[in-house]
Amino acid sequence: MIITALKASDFRKYADLHLTQLPERGLIAVIGCNESGKSSIGDAIQFGLFGCTAQLDETQVSKLIRWGTEQTTVTLHLQHRGHAYHLIRSVNQAGDTMATLFSTEEGLTLADTPETVEHQLKALLGYNHKAFSQAFYWSQQTAQLPQGDNEQLLALAGLKEYANLSGQLQNENRERIQTIAQMNDARKQLQANLNGLQIDEARLPQLENIGGVLEQRQQSFLQLGQRIDKEVATYPDNREQFVALQQQSEKLGFWTRTTLMLFALMLLTGLFLLLSPEQWVSGMSENLRETLGKATIRIAAVIALVGAVLLIYGWFVDARRLRPLRLQANRLADTLLEGFDVTNTPADQQLDQDQNPEVHDAARYLLETQTDIPAVSSDHPDIAVLPEWAESVRRYELSMNNLQGAADALNISMETRNREFGRYLQVLNSDKAEQVAALNQREQYQAQLDQQEMALEHIRRDRVVFDTALDLLQRSGSQSVVRFNQLVQQRCRELLQRFTNGHYHTLELMPDFSLKVLSEQKGAYLDFIETSAGTQRQIALAMRVAVAAALADNTHTTHQVLFLDEPLAFFDPERSLSTLQSLQSVSQSAVSQVWLTAQTVPEGVDFARVIHCPQVGSELHA
Numbered sequence: 001m002i003i004t005a006l007k008a009s010d011f012r013k014y015a016d017l018h019l020t021q022l023p024e025r026g027l028i029a030v031i032g033c034n035e036s037g038k039s040s041i042g043d044a045i046q047f048g049l050f051g052c053t054a055q056l057d058e059t060q061v062s063k064l065i066r067w068g069t070e071q072t073t074v075t076l077h078l079q080h081r082g083h084a085y086h087l088i089r090s091v092n093q094a095g096d097t098m099a100t101l102f103s104t105e106e107g108l109t110l111a112d113t114p115e116t117v118e119h120q121l122k123a124l125l126g127y128n129h130k131a132f133s134q135a136f137y138w139s140q141q142t143a144q145l146p147q148g149d150n151e152q153l154l155a156l157a158g159l160k161e162y163a164n165l166s167g168q169l170q171n172e173n174r175e176r177i178q179t180i181a182q183m184n185d186a187r188k189q190l191q192a193n194l195n196g197l198q199i200d201e202a203r204l205p206q207l208e209n210i211g212g213v214l215e216q217r218q219q220s221f222l223q224l225g226q227r228i229d230k231e232v233a234t235y236p237d238n239r240e241q242f243v244a245l246q247q248q249s250e251k252l253g254f255w256t257r258t259t260l261m262l263f264a265l266m267l268l269t270g271l272f273l274l275l276s277p278e279q280w281v282s283g284m285s286e287n288l289r290e291t292l293g294k295a296t297i298r299i300a301a302v303i304a305l306v307g308a309v310l311l312i313y314g315w316f317v318d319a320r321r322l323r324p325l326r327l328q329a330n331r332l333a334d335t336l337l338e339g340f341d342v343t344n345t346p347a348d349q350q351l352d353q354d355q356n357p358e359v360h361d362a363a364r365y366l367l368e369t370q371t372d373i374p375a376v377s378s379d380h381p382d383i384a385v386l387p388e389w390a391e392s393v394r395r396y397e398l399s400m401n402n403l404q405g406a407a408d409a410l411n412i413s414m415e416t417r418n419r420e421f422g423r424y425l426q427v428l429n430s431d432k433a434e435q436v437a438a439l440n441q442r443e444q445y446q447a448q449l450d451q452q453e454m455a456l457e458h459i460r461r462d463r464v465v466f467d468t469a470l471d472l473l474q475r476s477g478s479q480s481v482v483r484f485n486q487l488v489q490q491r492c493r494e495l496l497q498r499f500t501n502g503h504y505h506t507l508e509l510m511p512d513f514s515l516k517v518l519s520e521q522k523g524a525y526l527d528f529i530e531t532s533a534g535t536q537r538q539i540a541l542a543m544r545v546a547v548a549a550a551l552a553d554n555t556h557t558t559h560q561v562l563f564l565d566e567p568l569a570f571f572d573p574e575r576s577l578s579t580l581q582s583l584q585s586v587s588q589s590a591v592s593q594v595w596l597t598a599q600t601v602p603e604g605v606d607f608a609r610v611i612h613c614p615q616v617g618s619e620l621h622a
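Residue numbering for the sequence shown follows UniProt numbering, beginning at 1 and increasing consecutively.
Calculated from the structure, these hints are not laboratory results.
The C-beta atom is built at its ideal place from N, Cα and C for all residues, glycine as well.
As a list, the in silico DMTMM-like pairs of lysine to aspartate or glutamate whose alpha-carbon atoms are at most 25 Å apart:
1) K7 with E35
2) K522 with E574
3) K432 with D352
4) K432 with E215
5) K122 with E106
6) K7 with E566
7) K432 with E443
8) K188 with E175
Distance windows between CB atoms, simulated:
9) K130 with R442: 55 to 63 Å
10) V464 with P205: 41 to 49 Å
11) E24 with G167: 38 to 46 Å
12) S478 with Q588: 30 to 38 Å
13) E208 with R423: 12 to 20 Å
14) L265 with D229: 48 to 56 Å
15) D467 with N184: 14 to 22 Å
16) M454 with R81: 52 to 60 Å
17) N184 with S478: 29 to 37 Å
18) Q178 with D372: 55 to 63 Å
19) G167 with S585: 35 to 43 Å
Take these sequences, add in the hints, and give me the full structure.
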């Protein structure tokens, strides 16, 4: 692809730029002082072709618009593989771009949007802006970027991505090694923390059981108080019934004993009359004695019957009426004595008296955790006489006032014991919370250990993959190095000798992607950075021309443009002349149209076109 005409309006300093009848082959020199607009011509070519420049991407190209105007438009007339095209591209202050590609011969519009133009040009030319800027466009500003020409030459050789990726993989692997070491240290710390927890697996279940015992004991205090209140409430009525029934029972007993005595007396009298010798009752006739004896026995039988009825009724009163009242009195007395024991027995001793092993564990826990276990829960004076009052209760002899006072004292005592065991439960719950926290911490540590182990395994696998990738990349890079060195030997040797005035003959890329240059004077390869800054630019220029020629050949292009912005900036007059003669020779190959900008050019070079940029003014027609 070559440019046969260039037209631009309101582009940078130019209100009107019009270059026509540009030669297809040879050197086109753009001459002018600083700020005369030489580089703007190269920018116009880049913008017209690709919608950007080496310094400005698609989002910044509105900066190319001439100061004080609203829009810039660039029109390029192109020839490629024997066909003619013209390309129009514009951008306004808002950053909106338009592009249209025409086929001049057919009079057809091939593409009419920036996107379709981009695709169509890529199909026609075989390269995009990145490839164009690396092969067919040389900017002294680009050559002076901080990263230096070493990277630029790698890019020209097609090996910059290899070098960057290789370095990136090596850096990432070093980071992985460091990460693995850090994670191993973290795992050791986590394992140490886990081992330092010293968790007793049986402790939490044991505390749960002890908590259940203490809660049951608290419930028993409440139930004991309720029983006391309930049984005390029935005591007055029971006592009244008991006294009445007791009196009735005593009367029945008296009359039962009386009837038995009468029965015995009448029975003995009757037997005496019937069975005694006649001389003992000589004053009584035999018939009278017999009649009286039988009557007396009949009376005894009646008395016996009455006595039996009294005996049975007395049994009924005692068994059916008095015994339930005595049982209730005994229950109340036992409840009072139970409350007395609870009040006057320390908590640990209460628990220790139980035969259940879990209750014994609770007693030991209290002794281990409590420094002050109260001996009694109440010092009320009514509590002290409870044993005596309990015996009086069994006989229904205790007054209601005394019993109610004892019940109230016991209720207060039960509440005190309940609060006491509540404090024990608070301590226990705190211990349980510590155990649960320790178990949760262990789970967290273990989960973190498992996660880190998975992460470590993932990083180890990544490292193996990256090692393999690095090895494959280095092998592929080595093959590319061989191809690059062949390219250097074939295309760059003559140019390098001319551009460096015979001081350097060829370049060679090492397997580690470092560039070396052969010095004829020293008879050895030097590292690229060992050469002077000017020599580095000269070497880079030779490489640019060689790569441009190679790319033109590879794309089967017979005419290709090459734009060189200030290529002679670091050359002395002799080397400038030699370089221009070499470029003139190059223009007879596939790279046929060679543009170059310079402030002055030496005599003795046959330029195909010389364009002088005005120092003053905004128009250029040539």
